[in-house]
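**Student:** So you can see what is in the structure, the chains are spelled out below.
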Amino acid sequence: MSEPELSVQGLDAAYGASQVLFGVSFDVGRGETLALMGRNGAGKSTTLKAIAGVLPPRAGQVILRGKDMAGRKPYRVAHSGIAYVPEDRQVFPEHTVEENLEIAQKRGLDGTAGWTIPRAFESFPLLLPLRRRMAGRLSGGEQQMLTIARALMGNPAVLLLDEPSEGLAPLIVAEIGRLIRKLRSAGTTIVLAEQNSRFCLAVATRVAVIDKGGIVWHGDVEQFHTDPTVQSRYLQV
Amino acid sequence: MDLGELVSCVGSLSCLVTQVSAGLTIGLLLFLVASGLTLIFGVLGLVNFAHGTLYMLGAYFALSAYAATGSFLVSTLAGTLGVATFGLLIERTLFRRIYGADVLMQLLVCYALILIMDDVVKIIWGGDFLKMDMPDTFRRPPFIIGGGIVPLFYLVLFGVTLAVALLLALCMGRTRFGRTVRAAAVNSTMVASLGVNTNMVFAAVFAIGAALAGLAGALSAPIRSVVPGAGVSILIESFIVTVIGGMGSIGGALVAALLIGLTRSFGSIGFPLFTEGLMFLMMAVVLLLKPSGLAGKHPA
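So the protein lines, in turn, are chains X and G.
Converting from the first sequence to the numbering used here requires adding 6 to each position, the first position being numbered 1.
Converting from the second sequence to the numbering used here requires adding 785 to each position, the first position being numbered 1.
Pulled out of the complex, with its shape left as it was, chain G reads as follows (with noise of 0.2 Å):
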């Protein structure tokens, strides 16, 4: 522990600035993952412990498609279009059976499908670690604000994500389709019976769940390493995100993935050896004073 270097840190803008903006890079990746497993959990009752491997695809969806093209605009878009695509697949052939099925059935299809795509990432890319150049329009000298560095490159993540946060808040209270899906959530017999193919609403849903976990993958991708089995640390964090911020709330999730990502942040300087500690620890503080968590209504 280094309560020391914490304190001086918070007490000097330059340390504050560079790691609120690492914190909010760590934060809002996280949180484009985790508002996808919170949606599919909160409408489709699954708990799709394989989300993590939908980031991991979208990162190496995006280095090919980068590889080939140099684009960054084709990569990221490649990376969210891809796994949406490949979320419709597998949720028409395998998930849809296992909604509202025992969790430790979606356990086991989950955790297979996890082993299966580990394995055919190592196949198709193999098994070193990878990472994608910085695209060259990005690759500039870092911002420089209160002595404090911001690249360029966090300032775009901030802005693409924060985009798609009001876009998929938007799409989801202020929509006919956002408003039939909250309702589907709650009674999909009733929403069928009124003549809504709750079948179409519910790939939909997945697919949009999988599409936030590619776009997460692809934007990941120029600033960590790309590699088999990158999944699962991200699902980690997005379930402990997921359960502070209350099983199916979006807005939830956003306040406590910015929270875990200034944990992190934070918590490397202060209590370098305990930081993954920091975030269980603060998950477990949650669910005893609010077993729901901030924003959900049921308890996880």
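With the rest of the complex left out, here is chain X (with noise of 0.2 Å):
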């Protein structure tokens, strides 16, 4: 692997005096889907939200193209670069469809406004139909995708997804992992935390496993296939 798009290194982190992160350190290359795949409470949402900045890491390096970016507020972090859709979506829900794709619009790194709002449409057409009904009242699946769609429209460089197919229906979740494997041939570098492990393979490039807050296996998703020990000492409930 050439330079990692996004590097973190011995990143801790803590809610208040119990801390959750331990040292979680993993590469991901630019254009590459990372799963990140663990048991409940083992630390994949706290990562994402210590990478995103919304829960300042206490200790480590979270470094994007070469740049820190550790410790920095949160919409820093999202101006360099690194968009974030937490697990429980946080669409607004007294704007529309469009007025959510419109607070989220900004330039990308290199200046360039890629994603624009009929784009979005373009990538998301379930969207299109709904673009004037108030956020919260869509589906679940119709409000996954639309934070997708509202974190796309920064131009991000990275893709955190907490958990983007929970709770939905399995028609709704292929859909979901369709996109993802478009957004990827397009470039974004996505890492994702997901229990569901037939998603993860299904989407993902590589896979880091994450126990009691720490990273114990790192490796492409061809190798996690074929390490039956892995998934059963970190996986199986």
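There may be inaccurate statements among the hints.
To be verified - Examples of chain X residues toward chain G, derived with CB under 7 Å:
id : residue
1  : Tyr81
2  : Phe98
3  : Glu108
4  : Ala110
Rather than coming from a laboratory, the hints here were simulated on the basis of the structure.
A virtual CB, placed ideally from N, CA and C, is assigned to each residue, including glycine.
Take the two lone chains and join them into the complex the hints point to.
**Tutor:** Right, here's the structure in full:
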């Protein structure tokens, strides 16, 4: 792997007095999709929050294209090219679909506005007929698509997705999987935290397994497939 | 109580016109102050007890600017922009530290600011009742409509406040800035995660709220006495307006402010000794029937 797009080094994070992450480290190459897998409470969501700056890390580095983002405020992290889609989606319920997208619109790192509202509707055609509907009145799957589209409006280099398949019907999950693969082939680097291993294996190129706040396994998705011990040891409940 | 007077006033066009125009004047000035108060509460979660102080400063700034230049336009701009700048200053140094804090803490900080600014005003302008001269442009015989008296300045005031109300509604409802502000009011963390510097948004909202109070102060300077402590009574009335209209609702504040203005104006005829009480009574009735206010979503 050449210089990684995103390199997380020795990340510590805590909620108050209880520490959740103990030196999380992993790299993601440009255009790769890394699935961060682990049991409930292993630290997947916390890792994404710490990268996004929503939960300021206690220690460690978050290096995006050679620049350390750790400790920056969330809006600075977003401006630097990291977009974050939280687990509970957090659409703006009393804004229309189109307004949700508009609030997030900004230029990318190279100054280009690659993602525009028309392009978002092109890539997320299900949202087009809903564009004047209040986001709070969308179904869970529609809201998930909206949050992904909204995150892309900032033209990020890296997209962080927290449990994008959670609580959604299989058909919608498959649709979101297609979207993620399309984003990858368009060159977006993606880190997703997931429990659904079938979904992960369908969309990811690399896998990092997290357990008790530390990375315990790291490799290509093919290696993950052929390593029976990692799945039984760290992922089964 | 003098119900007979009230009935005969409502029955006569001339008295009706006079009282309605006076009531609208009171109400629209109140709306300017209350809309800023409700905006700051709705977006920042700050109960700005010092909002009346901003109104008072607007009046003093206008007074001095008018004395120096003799221009009503300059005095109005000085009151508005001067208070916006002052608001920005105290927001950055003081208020941003108490967003979302306990109301008691907010009250304490605001009360300290009220006392300090009342004394600062006394040092600069003295403790006497001052009044800005009515600008020559507006010093004309009042309009007589249906036998009722409507001073020209009242019409200027209607025009300016209604234009500002419209502008505010357009800004909050139809612009990207307004939509971002409303989103930040609901979920500022998510707005920040989308790359918006929410600190700047909050500072801008506070400055807008302060500017509205400053404008109200500046517009009131030719028709009301300018005096240290002038902020307290308008603050109480603004709170009543905010509670009746619904905390955080600008449209609700407009309706409630006009209601209070007319109540004061007609109450002074029908219940001259109970005008203040009437406002509180009205607030109590609204709260009993609709605890979240006319247009609010959360109980006050």
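**Student:** Does each hint fit the structure? Answer for all of them.
**Tutor:** Against the structure, the hints come out as follows:
no.	hint	verdict
1	Tyr81	holds (5 Å)
2	Phe98	holds (4 Å)
3	Glu108	holds (6 Å)
4	Ala110	holds (4 Å)
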